[in-house]
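> Based on the provided sequences and hints, a complete structural model is requested.
Heads up: the sequence shown begins at 23 in my numbering, then just goes up one per residue.
Since the hints were derived computationally from the structure, they do not count as laboratory data. The model shown is predicted, which means the values in this text are computed figures rather than measured ones. Incorrect hints may appear among the rest.
To be verified - With a Cα cut of at most 20 Å, we get these calculated PhoX-like pairs of lysine-lysine:
1) K164 to K190
2) K164 to K194
3) K374 to K54
Unchecked claim - Derived Cβ-Cβ restraints for the label pairs, each shown as a range:
4) L79 to V56: 17 to 27 Å
5) R256 to L79: 55 to 65 Å
6) S384 to T325: 22 to 32 Å
7) K213 to Q76: 35 to 45 Å
8) R393 to R256: 40 to 50 Å
9) S384 to Q76: 20 to 30 Å
10) C109 to A348: 17 to 27 Å
11) R285 to K213: 23 to 33 Å
Think of the CB as a built atom: it goes at the ideal place given N, C-alpha and C, for glycine as much as any other residue.
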Amino acid sequence: MSGTPRIVVALCFAASVANRTKPTDRERFYAKTVRVGSGCLIWTGYKTERGYGQFSLYGKNMGAHRAAWILEHGELLTAGQILLHSCDTPSCVEVAHLRVGTHEENMADVRAHGRHNMALGENHYLARFTDAEVERIRSMAKDGLLQRDIAAIMNCSRSYVGLVANGKVRTKPTARPSLYHDKEGQDAKAKARRTRLLEITSVVHPDDQIEGEEWRETPYPGYWASSLGRVRGRSKAILTPILMGDYYVVDCGMKEGTKTRNRKGVHVLVCEAWHGTRPAGKHAAHINGDAFDNRPSNLRWATPLENGNDRVRHGTTMVGSRNPAAKLTDASVREIRRRLAVGGNTIRALAKEYGVHPSAISQLRDNKTWRHVT
23 MSGTPRIVVA LCFAASVANR TKPTDRERFY AKTVRVGSGC LIWTGYKTER GYGQFSLYGK
83 NMGAHRAAWI LEHGELLTAG QILLHSCDTP SCVEVAHLRV GTHEENMADV RAHGRHNMAL
143 GENHYLARFT DAEVERIRSM AKDGLLQRDI AAIMNCSRSY VGLVANGKVR TKPTARPSLY
203 HDKEGQDAKA KARRTRLLEI TSVVHPDDQI EGEEWRETPY PGYWASSLGR VRGRSKAILT
263 PILMGDYYVV DCGMKEGTKT RNRKGVHVLV CEAWHGTRPA GKHAAHINGD AFDNRPSNLR
323 WATPLENGND RVRHGTTMVG SRNPAAKLTD ASVREIRRRL AVGGNTIRAL AKEYGVHPSA
383 ISQLRDNKTW RHVT
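This is how it looks when you write it as structure tokens:
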């Protein structure tokens, strides 16, 4: 080729590119699927956090199951039409397992498969009031009592009283949780949170200090943390904690130069007051795993790794097959490791068979993931 003119080489390359066969949409689609024993056709391409595949068809990104329907039936679905899975497997794109339905039918499927959280009313883990207390709020509002007075009596916000009185929230009596959420567990969790919140907010002034309670100053002027995990503000009153995520926080004034509230975790304030300034890169960790036990004896400064290991040990983080995003089970992980040990199985082939990325196979092989499975 050294003696061949460049123009000839360029023309030959252009001709070879022109003769290449571009894969069809159907070929592109089914190259990213694998058939499993249940009869499902599992999508192995990109998936959302909820497990639904994504595919680009006709220049538009859409759910892989919707793309499968269009490819097989040639039928474009409207925004109001929903494809329901009879197999209850989000990553399945087998058209025989799909049917067109409405949002109401989809919700009925969710309830039928036990995936709907029916922990409503006083069984909800954030609920502060029982059905009887909610009825009392409505009764006081009906009798003409001012909302601000009701809020003071019930120790809640005026806006919440308005929502209850006007039928915007807690409109139905407490229902039984679905099979997905055990009723006794929900009841116990809701009761524990209400009890803990009442314990923290029962004292409104430092003059009513609990016997043996000791206070120390936090890094924020005017804010003190106690040996019982309570926080006192500049007004000398006990601050009512706010539940954000899994932790209680309090407002420590406004951020300097802004109109943004300076919210700090109660556990962080107590740890700073009793165990010194937070070391760089460390978190305030709960020794016994109870995020609501903010006594100094239950707190320590820990690295993110130590904190994560604590959560695994306490069972407060979902690992392995307990994680709702997990695509493998403990049994399948053991089987993959066994097949890798005996040889004859490539990582890519195993990844395709189990519907995961090859890196997931190599990581569990190297014991970087699923380390709890032996």
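> Now, for every hint given, state plainly whether the structure supports it.
Here's how the hints hold up against the structure:
Simply put, K164 and K190 have alpha-carbon atoms about 15 Å apart, close enough for the 20 Å limit, and the pair holds. With a C-alpha separation of about 18 Å, the suggested pairing of K164 with K194 holds against the 20 Å cut-off. With a C-alpha separation of about 9 Å, the suggested pair K374 and K54 falls inside the 20 Å cut-off, and the hint holds. At roughly 20 Å, the beta-carbon separation of L79 and V56 lies within the given 17 to 27 Å, and the hint holds.
Checking the proposed 55 to 65 Å range against R256 and L79 shows it holds: the Cβ atoms sit about 60 Å from each other. Evaluation of the 22 to 32 Å hint for S384 and T325 yields a pass: the beta carbon distance comes to about 26 Å. Taking the beta carbon of each, K213 and Q76 are about 42 Å apart, inside 35 to 45 Å as hinted. At about 48 Å, the beta-carbon gap between R393 and R256 stays in the expected band of 40 to 50 Å.
At about 24 Å, the CB distance of S384 to Q76 agrees with the hint of 20 to 30 Å. The hint said 17 to 27 Å for the Cβ distance between C109 and A348, and at roughly 18 Å that hint holds. Distance hint check: the CB atoms of R285 and K213 are about 26 Å apart, consistent with the given range 23 to 33 Å.
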